[in-house]
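Could you build the full structure based on these sequences and the hints that come with them?
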Amino acid sequence: MHNMNETNMTSQSQLQFSEARMAEIRELLTHYPENQSRSALIPILHMAQSDFGGWLSVPVMDYVASVLNLLPIQVYEVASFYSMFNLKPVGNYLIEVCRTSSCWLCGAEDITAHLENKLGIKVGQTTADGLFTLKAVECLGSCGTAPMMQVGANYYENLTISKVDSILEELKKENKYSRYC
Amino acid sequence: MSAKILLALDHIEGIASLPVYAQHGGYAVLKKVLSDISPQQVVEEVKISGLRGRGGAGFPTGLKWSFLARPEGVPRYLVCNADESEPGTFKDRYLMERNPHLMIEGMIISSYGLGANTAYIYIRGEYFYIARILEKAIKEAYAAGYLGKNILNSGFDLDLHVHVGAGAYICGEETALLESLEGKRGNPRIKPPFPAVQGLYNCPTVVNNSETLAAVVPILDKGGAAYAAIGIGKSTGTKLISASGHINRPGVYEIELGIPVEEFIYSDEYCGGIRNGKKLKAVVAGGSSVPILPADLILKTAEGAPRLMSYESLAEGGFQTGTMMGSGGFIVMDEDTSIVKNLYTFARFYHHESCGQCSPCREGTGWMERILHKILDGHGSITDIDLLWDIQKNIDGKTICPLGEAAAWPVASAIRHFRSEFEEYVLNPHLIEDVKHYYRLQTT
Ligand SMILES: Cc1cc2nc3c(=O)[nH]c(=O)nc-3n(C[C@H](O)[C@H](O)[C@H](O)COP(=O)(O)O)c2cc1C
Ligand code: SF4
Ligand code: FES
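Protein chains in written order, with this note's numbering: chain A, 1 to 181; chain Y, 182 to 625.
Sample of chain A residues with no beta-carbon within 10 angstroms of chain Y, all distances over it, derived: (1) Q14; (2) S18; (3) G130.
List time: in silico PhoX-like cross-link candidates among lysine-lysine, alpha-carbon distance up to 25 angstroms: (4) K555/Y / K135/A; (5) K555/Y / K122/A; (6) K365/Y / K88/A; (7) K135/A / K172/A.
Per label pair, the in silico range of CB-to-CB distance: (8) S219/Y / V58/A: 53 to 61 angstroms; (9) I563/Y / P72/A: 48 to 56 angstroms; (10) R251/Y / K118/A: 53 to 61 angstroms; (11) E544/Y / I161/A: 38 to 46 angstroms; (12) G499/Y / P72/A: 43 to 51 angstroms; (13) K118/A / D517/Y: 21 to 29 angstroms; (14) Y76/A / P373/Y: 28 to 36 angstroms; (15) R179/A / K213/Y: 41 to 49 angstroms; (16) N158/A / K185/Y: 21 to 29 angstroms.
These aren't lab readings, by the way, just hints derived from the structure by calculation.
We put the CB at the ideal spot given by N, CA and C, even for glycine.
Next up, the structure:
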């Protein structure tokens, strides 16, 4: 079933960053003045999303609030502002196709249509096996190598239909949740 | 002739690593500055250079630096704006990915000039892999003694950190960026106070674009006057241009400011002409926010003079017949392009990216997107075109930050220069099936 939910289905009390992550967070906190630890919120939300199943559930956000000694609302309001934070479950692979001008001019709509066909889903949906979520996003700074898509942290550029096919094949073979940070 | 200053080393294998960068003269300028030049002189050289902010507004960098408040005992910050989210712009990515040490060296020299002991690189979240490249380079710089305490025995201390955003165009606006860096929503602040007085953690802060900070290295290397000798008039030095769209050679090009637009589009050294032998229809010359111009007006001013790649020449004619340099995101459209559909992708973008603080921007951007969608769906009317015009006019100048204008100008300019195309769409909706075509992938 949806392995994407695995971590988030564990109860809140089991939500815990690994010791390595905690060390990373301690180091991160040294980047900011002592009374400004709130600055670490966005980087830590990235870590939480990466470690706890690819999205930010309320228990995960509450946990992050406790790590930084913030009010939960201070975390919710930030998590809901930024497009990279997923407030709903996503597939193991979040495929983000750029839809803005330069990519559109170079055939992004063909890429999206092909992905929809191939995956049997529409933009905004997740495949039944929980492997892929398809999303249309705004310019990712890859306009000169359009059309493009991002999967996890990886950029795939100068896309063609056959290139998309082989990327999908590879991801399916790998079949593991792609951490991005 | 291409003027390679920022990209002089970008082709060298391994230039992202410190030893290779050092072999090619890297950090020599920092050494010279720390031993021979006072902080005041650094600011002075940057002033003399005429360098203008490369993030979009083109504000003179030296002047901005001279505004930095310097109260006793209050820390000052330098923040590098590497948010790069303006559609059509991808130069900072290229610069940081290829040659991260150049920008880092520029940041150390700039921090020394400004008396900042902590600096941050705020980079858009999607550029995670570049954040890793920068972190690695910063580690190398610490190990070599170019960062940390008492750098090269100068008595100057600097800590430099990479801070990753999480997807929000508005965080490129400097005050939204500072909010975001403080761990908050990216809502722009009302100015004044300006960041130079109250910026990060309410302390005096300078925010500069990645390319601006990288340019500080050649300026301190050869001197401000030598840099000012490059370029044309008040457009001194070189500029990175991100070229995309229907051209044969998309990519990042470093140009000497002042070359003719025509040369930039058609020369094989740059864009290499329009792909598939098509004709040029329009150009968005400085990123999605600047006015779109039809072929005749981008190649020549209304007076018939050749249009140049400079701040002044691109702006000549004002909004009636000119545009802006902006971030240097140069988007080229061939004769088959639907201007209405292209505008729709921009309108959708600004609606998506509005932070929602100001009603004209929050409501207006959504309204414009919906009207354009309606027109493209074949249900538009002539009054919709006038309504679009009205809405953009009611955003322009009535918002907290310039995103409002950035959303309004593309609409205004598209209607100004291509009104007949909008009319064709609403008067002959059956034609839309033909013009609704989207761009096909290149099959080659
Ligand atoms: C909506 C909006 C987005 C912006 N995005 C960026 C950006 O991604 N990168 C950037 O350097 N400047 C951006 N700017 C401009 C910054 O506010 C600021 O002027 C710039 O970082 C100053 O650096 P500079 O003087 O070196 O250009 C943006 C401005 C606005 C209004
Ligand atoms: S103009 Fe738009 S983006 Fe800028 S502050 Fe107002 S609502 Fe936010
Ligand atoms: S328009 Fe798609 S990456 Fe910029």
